[in-house]
Amino acid sequence: MNALSIRNLRKTYRNGFEALKGIDLDVKAGDFFALLGPNGAGKSTTIGIVSSLVRKTSGTVEVFGHDLDTEREAAKRCIGLVPQEVNFNQFEKVLDIVVNQAGYYGIRRKEALRRAEECLTQLGLWDKRNSVSRHLSGGMKRRLMIARALVHAPRLLILDEPTAGVDIEIRRSMWEFLRKINQEGTTIILTTHYLEEAENLCRHIAIINHGHIVEHNAMASLLRKLHTNRYILELRNAASFVPAIEGYQLQPLEDHTLAVDVPLELGLHSLLDQLAAQGLEVVSLRNAANRLEQLFIDLVENQRVDATRKTA
Amino acid sequence: MPYLIAFKTILFKEIYRFVRIWPQTILPSAITTSLYFLIFGTLIGGRVGPMAGMSYVDYIVPGVILMSVITNAYGNVVASFYSTKFQRNIEELLISPIPNWIILAGYVGGGIARGFAVGGVVGIVGIFFTDIRPAHPCLVASVFLMTAALFSLAGFINAIYANSFDDISIVPNFVLTPLVYLGGVFYSIELLPDLWRKISLANPILYMINAFRYGFVEISDVDIRTAFLIIGGAISVLVIWSLVLLRRGTGLKT
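Residue numbers (my numbering), protein chains in the order written: chain C, 342 to 653; chain Y, 645 to 898.
Chain Y extracted, bound-state conformation:
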C-alpha cells in the first residue's frame, strides 16, 4: 500500500504539472495538428488524391495523432525529470524509501497521461476533418499505450544522461522528429523506391504508426505482429536500462 500511495503521489504531481501549464503543454499540439489537418489534409490533400485507397486526410489522421503522443510523452518526461534534477528536488525522491521501479512507473505514468491528454485533444480536432473511427478499439488502445510508455521511457533515459537544457532538446530535434516524419505519417512506404523502402523498415516508429493506423482503417505497410514485437521488445530494453541507471545512480548521485 505505501508503494501505491508513493506511485499516485508522483503520478498526480506529474499530471498536475502539465495541466497547470496547459497553454505550453496541450494547446500547441492542438493548434499544430489542426494546421496539419487543414493544410495537408484538406487544402493540399485534395490535390494529392487517395492514399492506399482512402482520402488523404483519412490516411494521415492516425499518424498525426500518434505523432503527437510520441512527442508529448517524450517531452513530458524528459523536461519534468530533468527539471527535477536541475532544481535538485530529485533528492526528495532519492532520500525517501521508494523503490526505483516506483519512481520510474510514476514518471512514465505522467508521460502516458500527457500523451493521452494531447492525443485525445488531437483526436477531437480530427473529428472536424474526417469521419474515420477505430475499427479495432483494443488494438488502437494497446498501440497508443505501448507507444506512449516507450517514448516516456526514452525521455526518462535522456533526462538521466542530460547535463544541460541543451541535452534534452538534442534527441527530440535531431533524432525523434526526423524518425517520426520519415515513419510513414504522411505517406505509405509503398510509394518509395525499393532502397528507401528497405531503409524505412529499419525505423521503429514506422511500425507503431502503421499498427495504429491499422487499428483505425485496417491498412498497414508492415505486419502488425512484428510491430507489437518491436514495441514490446523496445519497452523491455528501456525498462531494464532505466532501472540499471537508477540503481547505479547515474547522473543522480556522486
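For reference, chain C alone in the conformation it holds in the complex:
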C-alpha cells in the first residue's frame, strides 16, 4: 500500500510562477523516503499541498488511500508535519503546545497528557514541559515540533529540513529517534539539504528540480549509478611526482595529499597496491564528497544544461 500517492500535481502561484509541473510520486507504507532538490525546486510546495497548507492548481493526492479532496479529514488524520520554520506559539508552554495539538485531533485531555508525556520524554523535553517555548534553544524547538507532530500518532510523518541549524550531536540523536519510529511502522518523508542525512536514513529517494521529478528510485539503485568515486589520499611522505596509474586519474592537492577518481569496476585495492609499488604509502583515505551529493549535483547540473540547450 502507498502511504502517499501523487498524480499529475500542478501548482501555479498567483504571480505566474509554475512551482510544480505535473509531478507523480509514490511513497510506500513503512518507507523512509527522501525528497531532495535545490532551493525553489518545488519540495516545500509539494509538502505544503500534501499537508493542506498550499492550494493545488490540479492533480490528486492520496494519503493511505484517502483522497485529499474527497476524504480530507481521514487523509489529514494520517499526517504529522514538522515544518521548516518554527511555527508554534512562542508564548505558550511546551506541554500546552503538544496537548492542544492533540486536542485539535479530537484526543481527550487525559489521553493527550499521557501522549504528550510520552513524546516529550522520548525527545528529551519532559523536563522543559513548563517552560515557555520561546525560551528553548534552537535544537529544543526542533524537537518540540517533532513531539507536536507525533502526538496524534500519525502514520505518515513529513519532516521539512528537521535538522537545519542544529548541532551534530543533536542531529545524530534525531536520526536515531527517526530510525526508531520508522522501524516501529511510521512512514517518513524527509527533505533535507544534508545529503549525508538522506543517504544515511532513507531507503528511497526522489529528486525534484524546476517542478519536475528528475529521479525516483531506491537509494541503493541510485547510488549504483555513480560510475566513479572521488577519494582523498593522505600519504606518509611527500610525493615528489604525480604517479601515473592506468584507469585512475590522480591529482596532487598538497605535498602529502592526492585526489583520485576511482572507477567502480577497478576499485581501491589495485590503486593502493600500485601506489605502494611506486613507493607511496597511503596512511588514510576519505570520500572527497558525499556520494549522494555528487550524484545530486550531476543530476541537477545535467538538467540545467538540457534546459539551456532547449532554450538555445
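The set of hints was computed from the structure by calculation and includes no laboratory data.
In this text the structure is predicted, and so the values were computed from the model without any measurement.
Ideal placement from N, C-alpha and C gives every residue a C-beta, glycine not left out.
Wrong hints could be hidden among the right ones.
To be verified - Straight line, CA to CA, 30 Å or less: simulated DSS-like cross-link-like pairs of lysine-lysine: (1) C:434 - Y:842; (2) C:469 - Y:652; (3) Y:652 - C:362.
Unchecked claim - Residues from chain Y that keep clear of chain C, each with C-beta distances beyond 12 Å, as calculated: (4) 653; (5) 671; (6) 690; (7) 750; (8) 775; (9) 804; (10) 807; (11) 882.
Claimed, not checked - Just a sample of chain C residues kept apart from chain Y, beta carbon distances all over 10 Å, derived: (12) 394; (13) 426; (14) 508; (15) 573; (16) 584.
We have chain C; now place chain Y onto it with these hints.
Chain Y alone, transformed into the frame defined by chain C:
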C-alpha cells in the same frame, strides 16, 4: 465527539490567553468605564438632567456595558487570530482534521467569553453608580450574546484580511469607535435634528444599544424586533462570509 474536543481546545486556549494577560485585556475596560460613569454619569450627568425620563447615569449604563462588549469581542478575535497567522501557528489548525466551522466557532466563542468577562466587570462597576437591574433578563442575555458573536465574527474577518498589525487597528479606530459613540450610548437620537436622526438609523450599533437598553429600562429609540432582525441578519452574513474565506484559504494559504 472529536469535534467537541477540538472546539473546547480552541475555546479554552482563547480564554486562557486573555485571562493570562488580564491587565491588558480586562482591567483597562474596567478603569475606562469607571471613568465614564464617574465623569459623564455623576459629575457632568448631574448637570445634563434626566434623559428619556430617567437619570443620565441610569440611561448610559446599558450602552457603556454593551460598548465594552463590542470593542472587547472584536479586539479579542482580531488580535488573537492575527497573531496566530503572524506567528504561523495557524498551521497547527490548518493541517489538523478540524472542519472550518469548528475553527470559527472556537474563535467566536473566545470573543464572546471575553465580552462576557469584560461586560461582567463593567456591570459590577456600574452597580456602584446606579441601581438599575435588567427588566427583561432573557432579552439582555440575547442581545449581549448576539452582539458579542457579531463583533467576534467581524474581528475574525478583519484578521483574515489583515497583512500587518496596522491593519487590525484601522477598523476599530476609524470605523468601530465612531459608530459606537454615534450609536446612542450617551444620548437619545430623539435629541438630534431630523436629518441626523435619519442618518443615525443607518448605524447598526444603534439598534443593538437600544435593544440592550430596553432590556434594562424598557426605553428604546428603535423597534426591538427590527433590532433582532438586523443583528440576526448581520450574523448570518458574517458567518457565511467567514466560512467562504476559510474554505478558500484567503489570507491563510498560498
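**Item:** Outside-interface status for residue 508 (chain C) - nearest CB in chain Y farther than 10 Å
**Value:** Residue 508 (chain C) clear of chain Y: closest Cβ-Cβ about 24 Å, beyond 10 Å.
**Prompt:** residue 882 (chain Y): least C-beta distance to chain C exceeds 12 Å?
**Reply:** holds (23 Å)
**Asked** Do the alpha carbons of residue 434 (chain C) and residue 842 (chain Y) lie within 30 Å of each other, as the hint requires?
**Response** violated (52 Å)
**Prompt:** Taking 10 Å as the cut and beta carbons as the points, is residue 426 (chain C) off the interface with chain Y?
**Reply:** Residue 426 (chain C) not clear of chain Y: closest Cβ-Cβ about 7 Å, inside 10 Å.
**Request:** Taking the shortest Cβ-to-Cβ distance between residue 804 (chain Y) and chain C, state whether it exceeds 12 Å.
**Result:** holds (15 Å)
**Message:** At 10 Å, judged by beta carbons, does residue 573 (chain C) keep clear of chain Y as stated?
**Reply:** holds (43 Å)
**Item:** Closest CB of chain C to the CB of residue 671 (chain Y) still more than 12 Å away
**Value:** holds (19 Å)
**Prompt:** Looking at residue 584 (chain C) again, its CB stays over 10 Å from all of chain Y?
**Reply:** holds (57 Å)
**Message:** At 10 Å, judged by beta carbons, does residue 394 (chain C) keep clear of chain Y as stated?
**Reply:** violated (6 Å)
**residue 750 (chain Y) remote from chain C - nearest C-beta pair above 12 Å** = violated (10 Å)
**Message:** Between the alpha carbons of residue 469 (chain C) and residue 652 (chain Y), is the straight-line distance 30 Å or under?
**Reply:** Within the cut-off at roughly 25 Å; holds.
**Request:** Over 12 Å to the closest beta carbon of chain C is the bar; see if residue 807 (chain Y) clears it.
**Result:** holds (14 Å)
Hint violations for this structure: numbers 1, 3, 4, 7, 12, 13, all remaining hints satisfied.
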